[in-house]
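Number of protein chains: 2
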Amino acid sequence: MRATVIHGTRDVRVDDVPDAALFDATDAVVRVTHACVCGSDLWPYRGIWPVEGGVTRMGHEFMGVVEDVGADVRTLRRGDRVIAPFAFSDGDCEFCDAGLHTSCVHGGYWGGRNDGGQAEAVRVPWADGTLVRLPDAVDLTDTRLATALATLTDVCGTGHHAAVSAEVVPGSTVVVVGDGAVGLCGVLAAHRLGAERIIVMGRHDDRLDVARRFGATDEVRERGDEGIARVAELTSGGAPHVLECVGTAQAIETAIAVCRPGGTVGHVGVPDGPVGLGVAYQRNIAVRGGVAPVRAYIPELLADVLAGTIDPSPVLDLTVTLDAVADGYAAMDERRAIKALVTLP
Amino acid sequence: MRATVIHGTRDVRVDDVPDAALFDATDAVVRVTHACVCGSDLWPYRGIWPVEGGVTRMGHEFMGVVEDVGADVRTLRRGDRVIAPFAFSDGDCEFCDAGLHTSCVHGGYWGGRNDGGQAEAVRVPWADGTLVRLPDAVDLTDTRLATALATLTDVCGTGHHAAVSAEVVPGSTVVVVGDGAVGLCGVLAAHRLGAERIIVMGRHDDRLDVARRFGATDEVRERGDEGIARVAELTSGGAPHVLECVGTAQAIETAIAVCRPGGTVGHVGVPDGPVGLGVAYQRNIAVRGGVAPVRAYIPELLADVLAGTIDPSPVLDLTVTLDAVADGYAAMDERRAIKALVTLP
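First to last, the protein sequences are chains A and B.
In case it helps, the working numbering puts the first sequence at residues 2 to 346.
In case it helps, the working numbering puts the second sequence at residues 2 to 346.
Be aware that a few hints might be false.
Claimed, not checked - Example chain B residues on the side facing chain A (calculated, C-beta under 10 Å, incomplete):
(1) G100
(2) H107
(3) T236
(4) G238
(5) I253
(6) P262
(7) G263
(8) G270
(9) P275
(10) V276
(11) G290
(12) S314
These are computed hints drawn from the structure, not numbers from a lab.
We put the CB at the ideal spot given by N, CA and C, even for glycine.
When you get a sec, could you build the whole thing from the sequences and use the hints?
Here it is, written out as structure tokens:
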């Protein structure tokens with residue numbers, strides 16, 4: 002089969018690899034219909050994360066059709082359309098029971114030494130626990146709907162996790178640090194949870210346009226101390242709820258700096274280095290969050306996407322075929338696209 | 002009057018300074034009867050924190066007798082015995098109302114350019130909001146009781162804040178990182194809040210003895226990776242509630258490392274540098290806490306001390322007079338004492 006493989010910095014190719022196949026009795030094989038390129042895929046692409054062994058499978062966001070199931074798979078069968086969260090999980094351990102599927106005792110991530118999502122097919126461990134079946138009535142020829150559903154594999158749930166971690170409730174005043182796909186989904190999630198005021202920190206016109214469509218009420222384009230001062234001015238001293246959707250130490254420090262004493266920062270970006278917590282200490286700001294247990298959130302977010310009450314599809318503003326996946330990476334790398342959708346026949 | 006002043010590294014003296022006096026109408030002047038030396042006093046004492054301007058007042062933990070009140074003070078009068086938390090606060094702003102007195106819009110700390118607590122008297126701003134009056138029946142000639150009450154100025158409330166921040170509830174399994182006065186008070190607080198298992202990480206026999214008296218069920222003497230592995234073994238993968246009571250970046254990282262996925266670290270020590278949050282991210286561990294709003298906790302802890310249900314007095318294991326305050330610093334610096342009480346006539 003064909004699968005996306007990274008060979009080195011800015012060198013992503015679609016190679017011939019062995020077909021995805023059942024291995025354990027709890028596995029399924031899913032033929033991929035939609036995959037996405039994630040902002041975190043850009044870390045190895047840009048050479049910031051080393052590419053282990055020189056060659057590794059790419060992609061952790063996909064949906065598709067079940068092609069085969071192992072003997073112990075109970076809830077899925079060939080032909081089911083499914084969404085995969087970016088991590089697999091048994092659905093049955095202490096942590097899955099607590100809604101923390103990313104800490105599943107049998108869990109893991111797509112890509113690397115596992116099949117990647119930017120490919121024709123994927124072996125899915127713990128298929129019953131991992132995959133979410135789409136209702137039969139869902140029409141995937143509806144491009145907008147299919148695009149919206151594809152965000153449930155990661156960014157929509159990750160933005161939601163930022164909002165949940167930041168303890169957003171109806172009436173909240175919220176700051177969202179970052180206007181990438183996750184930040185935009187954070188705006189959407191804060192709005193969905195009833196936030197009254199949503200201040201987005203970003204500087205890209207196209208993205209801020211989406212932020213406003215998603216419910217942002219204010220934007221702060223200044224960076225660094227200037228941006229922090231601007232938020233302090235808008236909020237009379239900081240917002241009680243801050244979503245950190247960038248994932249650098251600097252972004253987390255900015256998130257803390259714009260947070261009100263006693264407030265909460267929800268962080269979902271992978272920290273790239275140690276974080277200064279002095280301001281958090283002085284102001285008793287909680288720093289919560291982490292890698293999003295997207296599996297836990299898919300059912301409720303899926304229901305809202307299908308009901309039409311949320312539409313995260315605008316974050317996927319470029320569509321490419323699998324053969325052209327490298328164009329998707331390049332467009333995101335050069336900020337010509339927020340996020341790329343990969344469609345397969 | 003006589004007051005403790007730091008002149009440089011390991012150079013703490015009792016100097017003649019201008020008498021504490023009313024300045025604002027909301028002030029009181031308190032004659033100090035008991036003060037303490039805090040672990041954080043050792044930072045400037047050891048030269049780790051620069052001494053601003055070369056000379057600065059010391060001490061932020063004291064209790065005493067009201068000697069004078071300003072025209073706007075409503076709830077206190079001359080002769081009242083009072084406990085002062087380590088920060089002053091107006092008791093009336095958004096943050097005080099939320100129980101976050103250390104973020105009071107009119108707040109500040111003792112020492113430095115304010116009067117310090119290790120002195121004959123202190124000018125107390127916002128006296129109504131800051132001071133807690135002792136019931137008339139309290140017998141301060143009872144040395145044990147007076148010692149226990151002196152811990153309410155800081156360490157007892159700070160340990161409590163660590164436990165509250167770590168979300169300790171009845172039945173919790175808890176790790177306490179650090180066996181200093183705050184760590185020991187953290188053990189006491191966790192026990193008071195109903196924790197079932199309390200694992201203390203420390204290595205000093207005398208302190209671990211106190212920890213056991215305060216409710217610790219297990220002790221881990223190993224440090225670093227060995228200590229982390231030992232806690233993982235004792236808890237089958239980490240404790241859901243961890244109290245960080247040291248206040249170095251390394252201690253916070255250790256606290257995160259012994260925390261269970263989805264768990265909470267309550268930190269109350271001043272971080273001395275940036276903190277690696279990678280493990281917190283991977284495991285969705287919340288890092289909460291900060292400078293303890295001790296004022297908020299004094300009423301409930303005072304009630305328990307007076308009722309005899311908690312006795313934090315063993316953390317103050319050395320008593321000195323004001324003239325000998327330098328001996329208290331030296332004993333703590335050399336770890337001959339957990340914490341020093343300063344008594345004044």
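Verification of the hints:
Because the closest C-beta pair between G100 (chain B) and chain A is about 8 Å apart, less than 10 Å, the hint holds. At about 14 Å, the closest approach between the beta carbon of H107 (chain B) and any beta carbon in chain A exceeds 10 Å, and the interface hint on this residue is violated. Checking T236 (chain B) against chain A by beta carbon gives a least distance of about 12 Å; that is not within 10 Å, so the hint is violated. Interface restraint check for G238 (chain B): the shortest CB-CB distance to chain A comes to about 9 Å, inside 10 Å, so the restraint holds.
Of the supplied interface hints, the one on I253 (chain B) holds, with its beta-carbon coming within about 7 Å of a beta-carbon of chain A, less than 10 Å. For P262 (chain B), the interface hint holds, the least distance from its beta-carbon to any beta-carbon of chain A being 4 Å, beneath 10 Å. Hint status for G263 (chain B) relative to chain A: holds, with the closest Cβ pair at about 5 Å, below 10 Å. Checking G270 (chain B) against chain A by beta carbon gives a least distance of about 8 Å; that is within 10 Å, so the hint holds.
This hint holds: P275 (chain B) has a C-beta 3 Å from the nearest C-beta of chain A, less than the 10 Å allowed. Satisfaction of the interface hint for V276 (chain B) is found here, the shortest Cβ-Cβ separation to chain A being roughly 5 Å, below the 10 Å cut-off. The closest approach between the C-beta of G290 (chain B) and any C-beta of chain A is roughly 7 Å, which is under the 10 Å cut-off, so the hint is satisfied. Here the hint on S314 (chain B) is broken, as its CB sits about 28 Å from the closest CB of chain A, past 10 Å.
The structure does not agree with the numbered hints 2, 3, 12 stated previously, though it agrees with the rest.
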